[in-house]
Amino acid sequence: MIKKIIGLSLIVSMSLFADIDKHELDKLKVGALVVKDLKSEHVLYSKEGQKTLKPASLTKVMTALLAINSGKMNQTVTITREMTRVEPTIAGYKKGDQIILSDLVRAAMIHSDNDAAMAIAIALGGTKEHFVDMMNAKAKAIGMRHTHFQNPCGFDDKEHYSTPNDLLKLTEYAIKNPKFNAISKLNNHIYYSQNTHRKFVAYTHNRLLHKYAYAVGIKTGFTNKAGACLIARAKKDGKDCVIVMMNAKVDRWKTAKNIFEQVLNS
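Here the sequence shown is numbered in my numbering, starting from 1366 and rising by one per residue.
Note that these hints are calculated values from the structure, not bench results. Some clues are possibly wrong.
[What the hints assert, rightly or not] When the alpha-carbon atoms are kept at most 25 angstroms apart in a straight line, the in silico SDA-like pairs for lysine to any residue are as follows: (1) K1412 with V1581; (2) K1505 with L1418; (3) K1600 with N1552; (4) K1544 with G1508; (5) K1493 with L1431; (6) K1550 with H1575; (7) K1437 with I1555; (8) K1437 with L1489; (9) K1600 with L1390; (10) K1534 with L1574; (11) K1550 with D1522; (12) K1600 with E1626; (13) K1614 with H1511; (14) K1523 with T1417; (15) K1541 with H1513; (16) K1600 with V1581; (17) K1460 with E1494; (18) K1387 with V1581.
Using the sequences and the hints, build the whole thing.
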């Protein structure tokens, strides 16, 4: 009887991980990679899941989440000089522009605009530093034990780091929020300054949203030191998969699509 149970357990275990060609993934030139089946709640593949790396703009998942959970999404934010002193990806706000917080969140998530992320931080935290404290407190509360944020944008800093496993925890927490999900899968967003009526357009950097029918978000990131980063999610026929990829030296879009095809079509 015991042998039958062990044999059955082995078959079940093999079936859970048969969806992923682990040998091929092992060959990929990525700093770290984690793949999770959200329906079964099993991690299908993990390479350096606990490795501390620079998260680049994957950081903005936390920035956006704090804004969404603030209950102030309809609040108007007056842009200050400090909010605009960022680079390189920006919406191009000018001092005095009045932007609705929900538009700032969309700009930060979709086009990864750093002036939008900084505006969120200062508007909600009073100062960038206090908002960063809020980010770190939230990270600790949801179990991100190997993460420390130093800014709301994802700029490289020796004190700004995370791990794929921690970012997976953040993602699983974030996608419980319908507003977050609706924003993270947008291809673009058009909005206006409330006082000057200047037009802004945010276009996504996430090529999966253009090229893969089952992609539903979540966030891209890149800096010279962090390399190409990606948190991607796809859903099909009741299946739900999330990928966290950091410091990728491969085509992250093609790699993510291939992984999704294996998981979602199995």
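25 angstroms limit on alpha-carbon distance, applied to hinted pair K1534 and L1574 = Holds, at about 22 angstroms.
key: Restraint status (C-alpha distance of K1541 to H1513 at most 25 angstroms)   = 22 angstroms, holds
key: Given hint I1555 paired with K1437 - CA-CA distance at most 25 angstroms   = 20 angstroms, holds
message = Given the hinted pair K1387 and V1581, is their Cα-Cα distance within 25 angstroms?
response = 24 angstroms, holds
ask   = Do the alpha carbons of K1493 and L1431 lie within 25 angstroms of each other, as the hint requires?
value = Status holds; Cα separation ~13 angstroms.
query = Are the Cα positions of K1523 and T1417 separated by 25 angstroms at most?
reply = 11 angstroms, holds
Satisfaction of hint between E1494 and K1460, Cα-Cα up to 25 angstroms = 20 angstroms, holds
request  = Verify the proposed pairing of K1437 with L1489, using a straight-line Cα cut of 25 angstroms.
outcome  = The given pair, whose Cα atoms are some 9 angstroms apart, holds under the 25 angstroms limit.
query = Regarding the pair K1505 and L1418, is the alpha-carbon distance no greater than 25 angstroms?
reply = 17 angstroms, holds
query = Has the given pair, K1600 with V1581, been kept, meaning a C-alpha gap of at most 25 angstroms?
reply = 7 angstroms, holds
request  = Measure nothing beyond the straight line between the CA atoms of K1550 and D1522; if it is 25 angstroms or shorter, mark the hint as holding.
outcome  = Violated, at about 28 angstroms.
ask   = Does the alpha-carbon distance linking K1600 and N1552 stay inside the 25 angstroms limit?
value = Satisfied, since the Cα-Cα distance of roughly 17 angstroms is no more than 25 angstroms.
The structure fails hint 11 only (numbered hints given earlier).
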